[in-house]
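Peer 1: What follows is the residue order along each chain.
2 protein chains.
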Amino acid sequence: CDARRAFISGFDGSAGTALITQKEALLWTDGRYFLQAEKQLDHNWALMKDAIPGTPTQGEWLCKKLPSGSRVGVDPFVISYETWKPLAAQLESAGHTLVPINDNLVDEVWDNRPSPPNKTVDPLPLVFAGKGWRDKIVEIRQEMINKGATALVVTALDEIAWLFNLRGSDIEFNPVFFAYSVITLDNIYLFIDENKLSPEASKHLQIDVSLNHQNSGLSIELRPYRMIKEFLKWLISQLPGKIWISHKSSYSLVSVVPEMRRIESLSPVQLKKAVKNSVEIEGMKRSHIKDAVALCEFFAWLEEEVPKGDVNELSAAEKLEEFRRAQEDYMGPSFETISASGPNAAIIHYRSTEETNRPITADEIYLCDSGAQYRDGTTDVTRTIHLGTPSNFEKECFTRVVKGHIALASAIFPQLLKGQMLDTCARKALWDVGLDYLHGTGHGVGMFLNVHEGPMGISYRPYPDDPGLVEGMILSNEPGFYEEDKFGIRIENLVLIKKANTKYNFRNRGYLTFETITLVPIQTKLLQPSLLTSEEISWLDNYHQTCRDIVGKALEEQGKSSGLQWLLRETQPLG
Amino acid sequence: CDARRAFISGFDGSAGTALITQKEALLWTDGRYFLQAEKQLDHNWALMKDAIPGTPTQGEWLCKKLPSGSRVGVDPFVISYETWKPLAAQLESAGHTLVPINDNLVDEVWDNRPSPPNKTVDPLPLVFAGKGWRDKIVEIRQEMINKGATALVVTALDEIAWLFNLRGSDIEFNPVFFAYSVITLDNIYLFIDENKLSPEASKHLQIDVSLNHQNSGLSIELRPYRMIKEFLKWLISQLPGKIWISHKSSYSLVSVVPEMRRIESLSPVQLKKAVKNSVEIEGMKRSHIKDAVALCEFFAWLEEEVPKGDVNELSAAEKLEEFRRAQEDYMGPSFETISASGPNAAIIHYRSTEETNRPITADEIYLCDSGAQYRDGTTDVTRTIHLGTPSNFEKECFTRVVKGHIALASAIFPQLLKGQMLDTCARKALWDVGLDYLHGTGHGVGMFLNVHEGPMGISYRPYPDDPGLVEGMILSNEPGFYEEDKFGIRIENLVLIKKANTKYNFRNRGYLTFETITLVPIQTKLLQPSLLTSEEISWLDNYHQTCRDIVGKALEEQGKSSGLQWLLRETQPLG
Numbered sequence: 001c002d003a004r005r006a007f008i009s010g011f012d013g014s015a016g017t018a019l020i021t022q023k024e025a026l027l028w029t030d031g032r033y034f035l036q037a038e039k040q041l042d043h044n045w046a047l048m049k050d051a052i053p054g055t056p057t058q059g060e061w062l063c064k065k066l067p068s069g070s071r072v073g074v075d076p077f078v079i080s081y082e083t084w085k086p087l088a089a090q091l092e093s094a095g096h097t098l099v100p101i102n103d104n105l106v107d108e109v110w111d112n113r114p115s116p117p118n119k120t121v122d123p124l125p126l127v128f129a130g131k132g133w134r135d136k137i138v139e140i141r142q143e144m145i146n147k148g149a150t151a152l153v154v155t156a157l158d159e160i161a162w163l164f165n166l167r168g169s170d171i172e173f174n175p176v177f178f179a180y181s182v183i184t185l186d187n188i189y190l191f192i193d194e195n196k197l198s199p200e201a202s203k204h205l206q207i208d209v210s211l212n213h214q215n216s217g218l219s220i221e222l223r224p225y226r227m228i229k230e231f232l233k234w235l236i237s238q239l240p241g242k243i244w245i246s247h248k249s250s251y252s253l254v255s256v257v258p259e260m261r262r263i264e265s266l267s268p269v270q271l272k273k274a275v276k277n278s279v280e281i282e283g284m285k286r287s288h289i290k291d292a293v294a295l296c297e298f299f300a301w302l303e304e305e306v307p308k309g310d311v312n313e314l315s316a317a318e319k320l321e322e323f324r325r326a327q328e329d330y331m332g333p334s335f336e337t338i339s340a341s342g343p344n345a346a347i348i349h350y351r352s353t354e355e356t357n358r359p360i361t362a363d364e365i366y367l368c369d370s371g372a373q374y375r376d377g378t379t380d381v382t383r384t385i386h387l388g389t390p391s392n393f394e395k396e397c398f399t400r401v402v403k404g405h406i407a408l409a410s411a412i413f414p415q416l417l418k419g420q421m422l423d424t425c426a427r428k429a430l431w432d433v434g435l436d437y438l439h440g441t442g443h444g445v446g447m448f449l450n451v452h453e454g455p456m457g458i459s460y461r462p463y464p465d466d467p468g469l470v471e472g473m474i475l476s477n478e479p480g481f482y483e484e485d486k487f488g489i490r491i492e493n494l495v496l497i498k499k500a501n502t503k504y505n506f507r508n509r510g511y512l513t514f515e516t517i518t519l520v521p522i523q524t525k526l527l528q529p530s531l532l533t534s535e536e537i538s539w540l541d542n543y544h545q546t547c548r549d550i551v552g553k554a555l556e557e558q559g560k561s562s563g564l565q566w567l568l569r570e571t572q573p574l575g
Numbered sequence: 001c002d003a004r005r006a007f008i009s010g011f012d013g014s015a016g017t018a019l020i021t022q023k024e025a026l027l028w029t030d031g032r033y034f035l036q037a038e039k040q041l042d043h044n045w046a047l048m049k050d051a052i053p054g055t056p057t058q059g060e061w062l063c064k065k066l067p068s069g070s071r072v073g074v075d076p077f078v079i080s081y082e083t084w085k086p087l088a089a090q091l092e093s094a095g096h097t098l099v100p101i102n103d104n105l106v107d108e109v110w111d112n113r114p115s116p117p118n119k120t121v122d123p124l125p126l127v128f129a130g131k132g133w134r135d136k137i138v139e140i141r142q143e144m145i146n147k148g149a150t151a152l153v154v155t156a157l158d159e160i161a162w163l164f165n166l167r168g169s170d171i172e173f174n175p176v177f178f179a180y181s182v183i184t185l186d187n188i189y190l191f192i193d194e195n196k197l198s199p200e201a202s203k204h205l206q207i208d209v210s211l212n213h214q215n216s217g218l219s220i221e222l223r224p225y226r227m228i229k230e231f232l233k234w235l236i237s238q239l240p241g242k243i244w245i246s247h248k249s250s251y252s253l254v255s256v257v258p259e260m261r262r263i264e265s266l267s268p269v270q271l272k273k274a275v276k277n278s279v280e281i282e283g284m285k286r287s288h289i290k291d292a293v294a295l296c297e298f299f300a301w302l303e304e305e306v307p308k309g310d311v312n313e314l315s316a317a318e319k320l321e322e323f324r325r326a327q328e329d330y331m332g333p334s335f336e337t338i339s340a341s342g343p344n345a346a347i348i349h350y351r352s353t354e355e356t357n358r359p360i361t362a363d364e365i366y367l368c369d370s371g372a373q374y375r376d377g378t379t380d381v382t383r384t385i386h387l388g389t390p391s392n393f394e395k396e397c398f399t400r401v402v403k404g405h406i407a408l409a410s411a412i413f414p415q416l417l418k419g420q421m422l423d424t425c426a427r428k429a430l431w432d433v434g435l436d437y438l439h440g441t442g443h444g445v446g447m448f449l450n451v452h453e454g455p456m457g458i459s460y461r462p463y464p465d466d467p468g469l470v471e472g473m474i475l476s477n478e479p480g481f482y483e484e485d486k487f488g489i490r491i492e493n494l495v496l497i498k499k500a501n502t503k504y505n506f507r508n509r510g511y512l513t514f515e516t517i518t519l520v521p522i523q524t525k526l527l528q529p530s531l532l533t534s535e536e537i538s539w540l541d542n543y544h545q546t547c548r549d550i551v552g553k554a555l556e557e558q559g560k561s562s563g564l565q566w567l568l569r570e571t572q573p574l575g
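For the protein sequence lines, the chains are A and B, in the order given.
Residues in the first sequence are numbered consecutively from 1, following the UniProt record's numbering.
Residues in the second sequence are numbered consecutively from 1, following the UniProt record's numbering.
Mixed in with the good hints, there may be bad ones.
Because identical chains share one entry, a pair is satisfied inside a single copy or across any pair of copies.
Claimed, not checked - 30 Å max Cα-Cα, derived DSBU-like pairs, lysine-lysine:
#	residue 1	residue 2
1	K428	K498
2	K248	K64
3	K85	K65
4	K85	K242
5	K233	K64
6	K503	K319
Hint data in this document are derived by calculation from the structure and do not stem from the laboratory.
All values reported here derive from a predicted model rather than from experimental measurement.
Extracted from the complex, chain A is given alone in its bound form (with noise of 0.2 Å):
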């Protein structure tokens, strides 16, 4: 139901924008969705590639085209506030004005628009997320205190789910459930539907204040969903003090709080949330096994199927679920598979659909990239491999995709570095021979929650709330090569950040590493070896060495003999 720019122009990657005027129709993507944008959009639609020399902003573009004095409406429960803020500003300088639209102008053209999900919320057990929601709730309240906040308000969903260890499914493959949440010293709300919670979901948020809280304003009043905007404008008549919204929250809730009473930085959850706990560590890196497990039975059964000539983008996806479904605590895909065979994995965030679905064969590139959710942890992989005899070119490509990939998974670096300063280490290899790849190489991954979560990042294009790297954080390590129409390539692992054992710490800064968590094995048959130095041969032995032991082990423990042999194969040392 908030698919509201697939609804009115087609295009249904997961970012961008549309823009419609009285007589154009515009909609703005990024490299990943260039090619899916041009096969989706109409001709009544034209295409903005953001981020390519030359293409205006959308406020560039508004200022340029519209007559003065325009009005440009957009719904402020879907706008940020940080992204209204300088759009308004930008268009004011030109004599136009941005509007908040609060009924939303394609839901009044959305026949048969779909009603709001309304699934169950379920407790996440301590086991898995390490840490009582009311023991967050006391961290926050501290970084609420270190603010001068009087109350926080929570927009973002998967702050909601991490901060009350609670998992829903109203929206596909990210385990979060529609609520917001406002913590004051005193009191906490938690603003959502009853009716969604679980009987279990209410005792885990109701059960008797443990010793150590007693009398601290630690039981939550629940309120509904819908109520947020209103109790905002009660709160800020009653409590005296600054109230924390992130600038990331909407504007039609950020424009309730007056300026001077507002804290606009990130929210502190985030940034909590980021940094995971042993627990939540143990449980991505079990969670990494079970999913290597599937991987390597996918890719044994693909060796042994393709060549009978009846797997296809489709087929292949759907066996690699039935796979995952067989570990225990798998919940479900964390995105939809890009499961693409030849010119179709040069499209960035490809999806098979009945349309598009092509053979996989020995003659083509084939490029997985999926992801689970386990109770015990999220994942993201990608793997590239030929089943036949790769081109030369194809193997240059891969093998740059692999230096790059080795050297950031390598990388040492200070304590508090932005993420975008490694990105370079991921593009260098490609560069040298004037190849790259139009998107970011990193982001940060949540613990059974969104594979996909700030504030940290590692791209070309910054990050402006990336805190700074700091141990805990697991990130993807994802370089990859397109070539249009032709193939893709990406190889995509999730890092832990670490301590990096350094021979000196140049002024107590400290410094850290990464240690890769996915435990697959890169096909070794793409490789040009006289392309890898002796240090990434190593670290491509020692991180299949890993893969044979963990895995190797798991494999065995279930049973799993052709995945086992197809492992064993495929993690023979170069060197």
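Given chain A, work out where chain B should sit, using these hints.
Peer 2: Just chain B now, with coordinates in the frame of chain A:
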């Protein structure tokens, strides 16, 4: 007369901000100056170390410490609009107000304040500038039309010098002069005290309009320097349309232009100036050969004199200046020479004084960062040498600095990449063992203009106005390492951006690389060759061969035999 912060605090580094309340006095500066500031500030002052975790920004400190409803004063002529705006907003959100104090309060207590300089302004002949000022005006007007501006206010002194092909000497080291300029589509206004203009400069500005430019608004109207603000007010009332005034201009001037009529983007003059034309590039290269001749003579002299025990930091700097003075079209140093021995070299922007002066001996590292202004170019070069037996730690650090220098010098990258994305290349070899340096890696350099210029740069700190790197820009490449109270290392060359001949050219983006134009040997004695890859050794050997070919020829032509002998010995191949 403008060095108010140095007058009031005692700290005279090139960057810093003094903040004075009724009870406290604080000084913010960055990592280059921590040691210098600690030495220069007395007990009345607290040093605030910029960009170090835990150090509040000025705004944060003010919001936290001031009693509510405070008024914070600042001279609106010495704060840029881009600094004013967020600070004013931050203070406002904390209930304070930022107020312009038109009569600078430091001046009130500054007895014997020097009077403003009033040096002669001369034309820069076309043979050095490469493009006439009228052609530059025509290009700038095209930028104004593209941007929809009817007037452009030029406030940066180096932009005015570049635009009109004039050079002065009002500011030490920087061949600029006090002036403002306003360009409209029909008129050119230059705000300058007319008596500063040499007869040649007056002629240069007034000579008959050439055929091409006839009747196209290409004659200059001179106005008194102090009239700029009044003029702007008048212009706004007379001229319709948008006024382009960079957010880098002073709050005093920007605030004169109503927000609705303002274009705050970076001045187009800064962008054009950063991209050198072929005559400027030729001149820069020529000046670097002359500079290298002087440096070869200097290092040969040092080697001969130091053992006699009579050389110190100050006398060495003087001698270096003497060698440079002998070169054609030498105009003076481009900044105050950093001649630093032993622990003094750890002070990143050290300046030797009678009190700190230290002998140069065979027992300590000697770092010399210096540069010159020639009529055909500006130089900036740092070399670090040891005339005795360096320790293994010194050698390791030196080698890692050189590795970083080579990694940046040989980087290949896509056109329009932000310079920031290359910073990590220069640090990787240091980070690998837990070392780093707390300053940027590269700044733009003018052509017989300021030795530091924007808008691009290479640093972990973002350059928000970086338009992306393009062919023709000239930057420094200067990684370092500093061991407090022990030694300092920096290797700095200037590099010119040029096209790279890559095997592929993904999406026709164009790939770039650097050509090093500083041609002075890097001391191989300080290297630990076992830490170098064969590619790094080839780079060094090629570089030294180029020095030998080009500078050797110049030394020979100039009959500088001791410099030549030194060059030949110092450029022997490692490989």
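Peer 1: If the cut is 30 Å between Cα atoms, do K248 and K64 qualify within a copy, between copies, both or neither?
Peer 2: For K248 and K64, the Cα distance is within 30 Å both inside one copy (27 Å) and across copies (24 Å).
Peer 1: Within a copy, between copies, both or neither: where do K428 and K498 come within 30 Å Cα-Cα?
Peer 2: both (24 Å within a copy, 18 Å between copies)
Peer 1: Using 30 Å as the alpha-carbon threshold, which applies to K85 and K65: within, between, both, or neither?
Peer 2: both (20 Å within a copy, 28 Å between copies)
Peer 1: Measure nothing new, just compare the shortest in-copy and cross-copy C-alpha distances for K503 and K319 to 30 Å and report within, between, both or neither.
Peer 2: Cα proximity of K503 and K319: none, with 47 Å in one copy and 40 Å across.
Peer 1: Within a copy, between copies, both or neither: which one fits K85 and K242 at a CA-CA cutoff of 30 Å?
Peer 2: Close inside one copy (20 Å) and across copies (22 Å); limit 30 Å.
Peer 1: Taking 30 Å as the upper bound on the Cα-Cα distance, should K233 and K64 be classified as within, between, both, or neither?
Peer 2: between (37 Å within a copy, 27 Å between copies)
Hint compliance for this structure: hint 6 alone is broken.
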